[in-house]
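A.B. asks: Take a look at the letters that make up each chain.
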Amino acid sequence: MLKLENVSFQVAEERGDKEIIRGVSLTVPENKLVVITGPNGGGKSTLARLIAGIETPTEGRIYFKGEDITDLGITDRARRGIAYAFQTPVRFKGIRVKDLIRIASGKQLSTAGACAYLSAVGMCARDYIDREVNASLSGGELKRIEIATVLARGAALSVFDEPEAGIDLWSFQNLIEVFENMRKTIQNSSILIISHQERILNIADEIVVLKDGKVEAQGPREQVLPRVMGTPSAVSECHMISRKGGIDA
Amino acid sequence: MKLDEIQKRLLREIADLHTVPEGAYNIRSNSQMAGRRSTANIEITSKTDVSGMDIRIAPFTKNESVHIPVVLTQTGLKEVVYNDFFVGEGADVLIVAGCGIDNCGNQDAQHDGIHRFYVGKNAHVKYVEKHYGSGEGTGKRILNPGTEVYQEEGSLVEMEMVQIKGVDDTVRTTTAELKAGAKLLVRERLMTHGQQRAISTYVVNLNGAGATADVVSRSVARDDSYQKFDAKIVGNAPCSGHTECDSIIMDNGRILAVPGLEANDLDAALVHEAAIGKIAGEQLTKLMTLGLTEAEAEEQIINGFLQ
Chain A
17 MLKLENVSFQ VAEERGDKEI IRGVSLTVPE NKLVVITGPN GGGKSTLARL
67 IAGIETPTEG RIYFKGEDIT DLGITDRARR GIAYAFQTPV RFKGIRVKDL
117 IRIASGKQLS TAGACAYLSA VGMCARDYID REVNASLSGG ELKRIEIATV
167 LARGAALSVF DEPEAGIDLW SFQNLIEVFE NMRKTIQNSS ILIISHQERI
217 LNIADEIVVL KDGKVEAQGP REQVLPRVMG TPSAVSECHM ISRKGGIDA
Chain B
21 MKLDEIQKRL LREIADLHTV PEGAYNIRSN SQMAGRRSTA NIEITSKTDV
71 SGMDIRIAPF TKNESVHIPV VLTQTGLKEV VYNDFFVGEG ADVLIVAGCG
121 IDNCGNQDAQ HDGIHRFYVG KNAHVKYVEK HYGSGEGTGK RILNPGTEVY
171 QEEGSLVEME MVQIKGVDDT VRTTTAELKA GAKLLVRERL MTHGQQRAIS
221 TYVVNLNGAG ATADVVSRSV ARDDSYQKFD AKIVGNAPCS GHTECDSIIM
271 DNGRILAVPG LEANDLDAAL VHEAAIGKIA GEQLTKLMTL GLTEAEAEEQ
321 IINGFLQ
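The listed protein sequences derive, respectively, from chains A and B.
The opening residue of the first sequence carries number 17 in the numbering used here; numbering runs sequentially from there.
The opening residue of the second sequence carries number 21 in the numbering used here; numbering runs sequentially from there.
Chain A on its own, in the form it takes in the complex (with noise of 0.2 Å):
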């Protein structure tokens, strides 16, 4: 489904060029999940917004669907079939969210059918439909908005960038059924998340762990994963918590 040749993304800095990933090759099959996990500043967010094309590589290859994508710009990239789901949501001043899930399918929409994703997402539809996706959302609910505008889009490969960063203990159980419910009917489509939750990387198919912006370990969950458990790359939800209490980073 997609494929990353040797890729690296340099960026300018005062004290000269920052390389934040560095020749990274990998593979996300058709049907999988893949998670990719790895200490903070390891380069995971940046990976996926080269997926996205929000970023060009400096070096290397991607191909999507054996497509070379790597010249292509984000519309065109998203009109081929690749989905992103945000870090930090954008607020958008009287765009409702049944016009952003509207956008997202690329159809005619009904009510109902947008109603359809939010309940996906665990969230009770009529009380946000018609809302404006803004400030008078927290994080959490902006973030599970997010996610059911990716869902919308029904694409080949859908990205998401810690789905888990910004929303509460509650929410997050829900998620994990977002995604396993997404797992089961993968057909002919791929999933990539960003992320070191180990209950993400539960229900990973394979999982690739990146660290200082190169691959340092990829392979099906079964190896990887006991091999980064205990680690910043594999955090508990308790872990979230005593974030969330400014305790732990």
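FYI, nobody ran anything at the bench for these hints, they're computed from the structure.
Any given hint could be a false lead.
[As the list claims (entries may be wrong)] Within a straight-line C-alpha distance of at most 27 Å, the following computed BS3-like cross-link-like pairs (lysine-lysine) qualify:
1. K109(A) <-> K185(B)
2. K28(B) <-> K67(B)
3. K67(B) <-> K82(B)
4. K203(B) <-> K109(A)
5. K160(B) <-> K98(B)
6. K82(B) <-> K141(B)
7. K109(A) <-> K199(B)
8. K150(B) <-> K28(B)
9. K109(A) <-> K248(B)
10. K98(B) <-> K109(A)
11. K150(B) <-> K203(B)
12. K81(A) <-> K48(A)
13. K160(B) <-> K199(B)
14. K200(A) <-> K48(A)
15. K109(A) <-> K146(B)
16. K298(B) <-> K109(A)
17. K67(B) <-> K146(B)
[Said to hold, decoys possible] Residues from chain A that face chain B, not an exhaustive set, calculated with beta carbons under 10 Å:
18. I85
19. V106
20. L116
21. E162
22. A168
23. A172
24. G182
25. V194
[Said to hold, decoys possible] Here are some, though not all, of the chain A residues that point toward chain B, as calculated from beta-carbon distances under 10 Å:
26. G69
27. G76
28. A120
C-beta: ideal position from N, C-alpha, C; glycine also.
Using the hints provided, position chain B relative to the given structure of chain A.
C.D. replies: Frame of chain A, contents of chain B only:
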């Protein structure tokens, strides 16, 4: 008087009118009356001293509407019109005004509409005013609406002012005087293009206990256009007021926001908010990841913002 196709199109743009409206109406076209109807409760009469009308709405009139659209299609035409609305106690009405100018010539076309509202006790007025301009001529399309609102105790006035396209020059002046328990809600939406200039000034005096005002403007300035939003709320009694100006600038657009508050009573609670900025890059990025082009994303963001 028969309306031509351009005049009919202008009427659709400013008043959503496809046929003759229900209820009372007066259609003004190139300074002439093109149609008028009074009803049992709403009487429209021409002024004798100046150009304009008196619109008298009987007390306790419910669920009726008045449409008073104006269209201009003659280049070089300049007019000043005075319309006075006398809304009786306890009435509940919808008033739809608006002006459309199509100027194909090389001289300016200008309509200055001065509207005065005398709103009786506990009456409820919803006022909708849309402005629209079209035509390829070099002559400017100019609209200078002046609105004065006098609200008696317990009355409610909701004003929706929209100017999205084609008006080259606007100076809008709105003043309001509110007695005890009266409430004024203003929603203004404005978009300017090209070399257009729009100035909107509000002065709202909250004179009675419990009076409230909420003046909210959302605007977009594109190309080389210029806007000034100057909203002042004066609290002369225990009251509450809020004004908000939220704007998007694009290209070389320029906006000056001057929110003003004046409290002359210890229990006046007044708040203002103003924000100006370009479209956030991440908003464009998000919509592009949903498959829109950059131009389509921009359009969605602006349409939503001005909704």
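A.B. asks: Hint by hint, note whether the structure agrees.
C.D. replies: Evaluated hints:
{"no.": "1", "hint": "K109(A) <-> K185(B)", "verdict": "21 Å, holds"}
{"no.": "2", "hint": "K28(B) <-> K67(B)", "verdict": "26 Å, holds"}
{"no.": "3", "hint": "K67(B) <-> K82(B)", "verdict": "25 Å, holds"}
{"no.": "4", "hint": "K203(B) <-> K109(A)", "verdict": "25 Å, holds"}
{"no.": "5", "hint": "K160(B) <-> K98(B)", "verdict": "11 Å, holds"}
{"no.": "6", "hint": "K82(B) <-> K141(B)", "verdict": "14 Å, holds"}
{"no.": "7", "hint": "K109(A) <-> K199(B)", "verdict": "33 Å, violated"}
{"no.": "8", "hint": "K150(B) <-> K28(B)", "verdict": "15 Å, holds"}
{"no.": "9", "hint": "K109(A) <-> K248(B)", "verdict": "21 Å, holds"}
{"no.": "10", "hint": "K98(B) <-> K109(A)", "verdict": "38 Å, violated"}
{"no.": "11", "hint": "K150(B) <-> K203(B)", "verdict": "22 Å, holds"}
{"no.": "12", "hint": "K81(A) <-> K48(A)", "verdict": "14 Å, holds"}
{"no.": "13", "hint": "K160(B) <-> K199(B)", "verdict": "39 Å, violated"}
{"no.": "14", "hint": "K200(A) <-> K48(A)", "verdict": "10 Å, holds"}
{"no.": "15", "hint": "K109(A) <-> K146(B)", "verdict": "24 Å, holds"}
{"no.": "16", "hint": "K298(B) <-> K109(A)", "verdict": "13 Å, holds"}
{"no.": "17", "hint": "K67(B) <-> K146(B)", "verdict": "24 Å, holds"}
{"no.": "18", "hint": "I85", "verdict": "14 Å, violated"}
{"no.": "19", "hint": "V106", "verdict": "4 Å, holds"}
{"no.": "20", "hint": "L116", "verdict": "8 Å, holds"}
{"no.": "21", "hint": "E162", "verdict": "9 Å, holds"}
{"no.": "22", "hint": "A168", "verdict": "9 Å, holds"}
{"no.": "23", "hint": "A172", "verdict": "13 Å, violated"}
{"no.": "24", "hint": "G182", "verdict": "15 Å, violated"}
{"no.": "25", "hint": "V194", "verdict": "19 Å, violated"}
{"no.": "26", "hint": "G69", "verdict": "8 Å, holds"}
{"no.": "27", "hint": "G76", "verdict": "21 Å, violated"}
{"no.": "28", "hint": "A120", "verdict": "5 Å, holds"}
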